[in-house]
Every structure is written in structure tokens, then in C-alpha cells.
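Novice: Chains as they are written, first to last, in this note's numbering: chain S, 1 to 279; chain E, 1 to 373.
Only true hints are included.
Computed beta-carbon distance windows for the label pairs:
hint : chain 1 : residue 1 : chain 2 : residue 2 : range
1    : S       : 274       : E       : 113       : 50 to 56 Å
2    : S       : 252       : E       : 248       : 42 to 48 Å
3    : S       : 67        : E       : 297       : 37 to 43 Å
4    : S       : 248       : E       : 297       : 32 to 38 Å
5    : E       : 211       : S       : 203       : 45 to 51 Å
6    : E       : 91        : S       : 221       : 18 to 24 Å
7    : S       : 248       : E       : 286       : 44 to 50 Å
8    : E       : 93        : S       : 220       : 17 to 23 Å
9    : S       : 203       : E       : 311       : 35 to 41 Å
10   : E       : 248       : S       : 16        : 50 to 56 Å
11   : E       : 248       : S       : 11        : 58 to 64 Å
12   : S       : 16        : E       : 113       : 47 to 53 Å
13   : S       : 276       : E       : 239       : 42 to 48 Å
14   : S       : 203       : E       : 281       : 31 to 37 Å
Chain E residues, not near chain S, derived (Cβ > 12 Å throughout):
hint : residue
15   : 51
16   : 66
17   : 67
18   : 93
19   : 182
20   : 192
21   : 210
22   : 237
23   : 242
24   : 360
25   : 368
Derived by calculation from the structure, the hints in this document are not laboratory data.
Quick reminder that beta carbons are idealized off the backbone N, C-alpha and C, glycines included.
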Amino acid sequence: MKASARTQTTALERLNARENARPRVAVHKFSSCDGCQLAFINAGEALLELAQLVEIVHFAEAGPMDPEAAVDIAFVEGSISTPDEAERIQAVRANSRFLVSLGACATSGGLQALRNFNADGATGWTEAVYAQPEFIDSLDTATPVAEHVKVDLELWGCPVNARQVFQAVRQLLFGVEPVVDKDKLCVECKRQQHVCVLVAQGIPCMGPVTHTGCGALCPAFGRDCYACFGPAENPNTASLARRFDGLGLMPESVAQRFHFINSHAPAFRAEWLAWKERS
Amino acid sequence: MATSALFLPRSSVDSLFDALRDQGFSRLVGPVARDGAIVYREIASAADLPRGMRDRQAPGTYRLETQHDGVRMFSWANGPQALKPLTFAPREPLWRCARDESGGLTFADVEREHEPTAVIGVRACDLAALQIHQQHFLESPYPDPHYAARRASLFLVAVHCSHPADTCFCASTGDGPRAESGYDLAMSELDEGFVVTAGTDPGRAVLASLGLGAASSLQREEADREVAAAARGQGRSLPSRNLKDALYARLEHPHWDHVGRRCLSCGNCTAVCPTCFCHAEQDAPALNGESAEHLRQWDSCFTAVHSYMGHFLVREETRLRYRQWLTHKLGSWHEQYGRSGCVGCGRCIAWCPVGIDITAEVATLMESGDAQP
Numbered sequence: 001m002k003a004s005a006r007t008q009t010t011a012l013e014r015l016n017a018r019e020n021a022r023p024r025v026a027v028h029k030f031s032s033c034d035g036c037q038l039a040f041i042n043a044g045e046a047l048l049e050l051a052q053l054v055e056i057v058h059f060a061e062a063g064p065m066d067p068e069a070a071v072d073i074a075f076v077e078g079s080i081s082t083p084d085e086a087e088r089i090q091a092v093r094a095n096s097r098f099l100v101s102l103g104a105c106a107t108s109g110g111l112q113a114l115r116n117f118n119a120d121g122a123t124g125w126t127e128a129v130y131a132q133p134e135f136i137d138s139l140d141t142a143t144p145v146a147e148h149v150k151v152d153l154e155l156w157g158c159p160v161n162a163r164q165v166f167q168a169v170r171q172l173l174f175g176v177e178p179v180v181d182k183d184k185l186c187v188e189c190k191r192q193q194h195v196c197v198l199v200a201q202g203i204p205c206m207g208p209v210t211h212t213g214c215g216a217l218c219p220a221f222g223r224d225c226y227a228c229f230g231p232a233e234n235p236n237t238a239s240l241a242r243r244f245d246g247l248g249l250m251p252e253s254v255a256q257r258f259h260f261i262n263s264h265a266p267a268f269r270a271e272w273l274a275w276k277e278r279s
Numbered sequence: 001m002a003t004s005a006l007f008l009p010r011s012s013v014d015s016l017f018d019a020l021r022d023q024g025f026s027r028l029v030g031p032v033a034r035d036g037a038i039v040y041r042e043i044a045s046a047a048d049l050p051r052g053m054r055d056r057q058a059p060g061t062y063r064l065e066t067q068h069d070g071v072r073m074f075s076w077a078n079g080p081q082a083l084k085p086l087t088f089a090p091r092e093p094l095w096r097c098a099r100d101e102s103g104g105l106t107f108a109d110v111e112r113e114h115e116p117t118a119v120i121g122v123r124a125c126d127l128a129a130l131q132i133h134q135q136h137f138l139e140s141p142y143p144d145p146h147y148a149a150r151r152a153s154l155f156l157v158a159v160h161c162s163h164p165a166d167t168c169f170c171a172s173t174g175d176g177p178r179a180e181s182g183y184d185l186a187m188s189e190l191d192e193g194f195v196v197t198a199g200t201d202p203g204r205a206v207l208a209s210l211g212l213g214a215a216s217s218l219q220r221e222e223a224d225r226e227v228a229a230a231a232r233g234q235g236r237s238l239p240s241r242n243l244k245d246a247l248y249a250r251l252e253h254p255h256w257d258h259v260g261r262r263c264l265s266c267g268n269c270t271a272v273c274p275t276c277f278c279h280a281e282q283d284a285p286a287l288n289g290e291s292a293e294h295l296r297q298w299d300s301c302f303t304a305v306h307s308y309m310g311h312f313l314v315r316e317e318t319r320l321r322y323r324q325w326l327t328h329k330l331g332s333w334h335e336q337y338g339r340s341g342c343v344g345c346g347r348c349i350a351w352c353p354v355g356i357d358i359t360a361e362v363a364t365l366m367e368s369g370d371a372q373p
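The whole structure should be built from the sequences, with the hints applied where relevant.
Specialist: Spelled out as C-alpha cells, the structure:
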């Protein structure tokens, strides 16, 4: 990065000036259930190993608190759904060299992005749920981090796969750009030799349009993929939706298949709309 | 050369399994009904075989049905698997490396010992595909040691196909329904038992240890009749001749777009295809960066990265990915292996989630005499 000629340096510039120090890592939380942070916490020994390789400076759920620290790698969990978060994500970006969106909420807006389809935003739900809705200061939309700041790497999943997260960290420590497999889930499902639930049981599985990464968890147990890893590259949602229609799903049900954890992802949003209009 | 036909009574199938174990094939893999399909798993005895099971296959659909009075164990056509996962593993390490004291890397080969395994119920189409894979993996200046070790561990018991599915077309490609070669033992299933022949010395050794009597001429005729009927009963067909020129003359045919609108580019067809062999390699480093495994795993010409080179995708659009698959399988394959890459098993038709039918797509492409729409 270009050295600054100014006398007053930014936190990032001071970070870049350090030599031979362990990379600094932060895990930030926005609107989310904290489940993706568990990818770190549940990792057990691997987390201890990680703590030797990097300096974890901010990870509120695990202990360290320094939300404004400048870091080499920032993991961001959660979507942007309050005015405060919209400001805070700008600060996180300014203080981070490499920013990773961690999981469905941060990457596509998550389950809470369903509010984006409400004409009155979150208002109706806020009034229905909370006794004193005036205390809730919420945006009308829940949006992915990438709609606010530049994201360097997207890790999908609800929750993310710990193996994928640690692989990305390892690649960053090697100094290479992490590569994330964007193939359809079917490719991995077939490697594991699971019997296709769509073909053999007529279950409306989302695997053929869904981003791989989970390890084909649901089909391993004979149930359909519900696309928690979001759209794969080149997803032919129109063809799969027609197949669901052929299986006997009503247009409303076809629409619902695309209107769940990653409803705000453009490919799923478009297919939902197409079938919503038919229902 | 096959030996004379012997008769194995239905009640003696377990004696065959014991004889295979006695000959050193301690692991038996055979067809079982599981998760709604015929799949190949480790079996212990004839009781594990899918007795009375029938399959119903159509584009994008596969269903298993039980016939309550059925005694036969092989009255079905192929499920999603073939020999492929047993010889060309879906994912396997090729080598390992570790950082040594001087900071350099030390490379180590992987263990390639596989338990001797007898595979029960191999079909003619799968043997034809095996022959192609052997050509690809073994008959080259650089034989693949991983494939070679897995292949060498197998003893193959073929069962001639008497119940093709609606999706089968092996008769038109010349690869079935009778298993002509490549097996150790081959069996025809009749109601009362099996007509068995040996194709190799290990096969003859197994048969000799069983002390079976000769199959009667009636039994042999009935077995032949069933295979002939299985060939006649196939409704689909595909030209087995070299389609390279014909397909290459139609590279801009509008039908590729038509397929592209239906195709999910999900790779299911290539995963179930017994001849598809494309793979990707990747490294799996340990978190501490001190060691790594180099893995080979099944890939597909339907994935984006398969055509990635120098910062761009050669085949971004679905129609180009399907075109690549078909023109290789039925066209340029002839140049590489002297035959078509399709053995007529029909798996890509049944296991395509949206039921794209290779025989129908080829027929449509060939309908028009020239490349112009």
C-alpha cells in the first residue's frame, strides 16, 4: 500500500508499518444470531492454534474487546439493519486490510432480509412484536455488507462451514487470495455418493442452484437442500423452478423455495418475484 | 474365452460368496436397496441383495418398487453408481508434504493398499465403461498408480441385464445388455438360479471350488432369450458412429441455446456417467502451515472453474458447457479412445434433475442437415 506523505497517519497505515508481527484479526458482529462466530468458538483446538498464529484483538463473543482496532483480517458477521450499523461498517472497513463477510446475513442480508419485501419495511413487524416499539431504531431493510463497503471475500452459509473459514485464514496467512469453490451443491453431493432426493423421491431440492460449501449435509440425511449457502455461480433458477412446478408445487410454494435465508440474493429474489406474480 | 456354462442354484449364492472370500476377496460389494435406489455397498450375504426390487426410470425420475412375489435379485437396471467410485475415487489424496527442519518441503507418497474386493452385479455397460477408463488411466506412457491399485484389487462378477430401464440404450451403442468381456465371472439370473461362466483364471478357480453341475440347454436358452428380449425392449437409441464431424458442423445450432435454457449446469450427468473422468486437484494445508495434502476430486465440464484459464472463463454460458460435454463424449472422444464415450447406460437421463435426454438432444441436433438455423 502507498505510504502516506501526511504526518497524521491512519490506523491502517500504522498497522502496515509494523514488522514481523502476528497478523491482527477482528471478528465483528452486526445483525445476526451469532451462529457463524461459533465456527471459531466450536473449533476447539483449531481455535487455540489460530490464536498462536494470529493476534485476535476483537472478538466480543470470545472475550477480546477492541472494536476500533486496526486489523489485517476482519470477519464481519451479520447484515446492516440499523442506522448505527450503517455507520459502524464504514469504520470497520476503514480499519481493515482484508474484509471477509462471514455467513448468509453478512453476505446476502440473511433471514432478516425478508423485511425488504414488506411495503412498510420493519414497522409492521416491530409493532407486532415489541410492547414498546419506539425503542427500536431499525432500518427498513437488512442488507449485505457488500452493499455498504467493499468486501474482499464472501463466505456463504447459515451458518458458515468452519473448515472453509479456517481454510481462508490459512490461505491469507500464506499470502495468497483465498479461493472459494462456487460450484453447485450437486457436485459435492455426488462425490459423497448420496442418492439424489429430487430424482429418487421427487423432493424439491435446491441443490442444483445452491453454492457448495456445507458438505451436502441435508441430502446426506435424505432431505432437500434449502439453499442456506445462497446461489451458486451460473444458477439456472428458472429451469429448477419449472421442475418444481412439474413436481406439483403450487406457484406460491415454488416462490417460497427462493424466499428464505438468502431471499435478498439477486438470483433468488428474481425467481421469487417471477413465481409470486403467478400465484 | 469364457468357459462352459455351469448352474448355480438360487439357494447357493452364499456358497459363491464364501468361495470368493476363500479366494482372498475378503470384502464383498454388491447392490442394495438404500435411500430409494439400487446402490453399491458392502454386503455380507445374499440376504442383503435387493430381492424382488424393480426400478422405474424416466428422464429426471427414478423410483424403486417392491414386487412381493419376486424372487430375483437382479431384476433392475443400474442405479446412480457404477464401478466408477470403486476405481476412480470421488476424492483421494495423491501425495502429502511436510515442512522439514531446514524449512524445505518433504514429499511423501500415499498408501495404496486396497482390500481385495469382489463386486457383485456389474452390468455390461459398466464393463464397457471400465474398459474405456483402463485405456485412459492405465494404457498411457504415464499410468495412474492410484487407479491401477484400486483396479487391481477388484474381482468382477457380472450379471447380464434382463430388465433394462426405459432410459437404457446400450443395445444401440453396442455395449450391452450381455457382458461380453472384462469380467471374472458372468451370470444370467433365472427364477431357479444362475447360469454362470468364467472369464478369467481367478474366475475359473472360484467356479472350480464350488463343484457346480453344467447348466442345461434349456437354462442356457432361457438366459439367452432374456438378454435378447432386454435388447429388443430398449426404446431409446444413440448412433455409435463417430459424430465429430456432424456435431462440429452444428456448433452454432440454435438447439444448444434450447438445452442451455433447461440445463442446470449442476454436473449430475458427469458424476453418474461411468466414463466421465475429469477431475480437479487442490491442496489442503493444515492450519499451522506445516503440512498439506494434495487431493484429487471429481470435477465436471459443467463447472465454471473447469474452463478457467488466465483470468477468464472459456465457457461461461451453460450452452457452451453442454456443448463441450456432448461434442467430447460423442465426437472428439473417438480420436482419443477409438470409440464413443457413451455406453448407453442412460444414467445421465434419469439423474438429470430436469430430465435432459442425450438421445433426444442428439436426435434434434441431427434432424437438420446443415448448421444453419
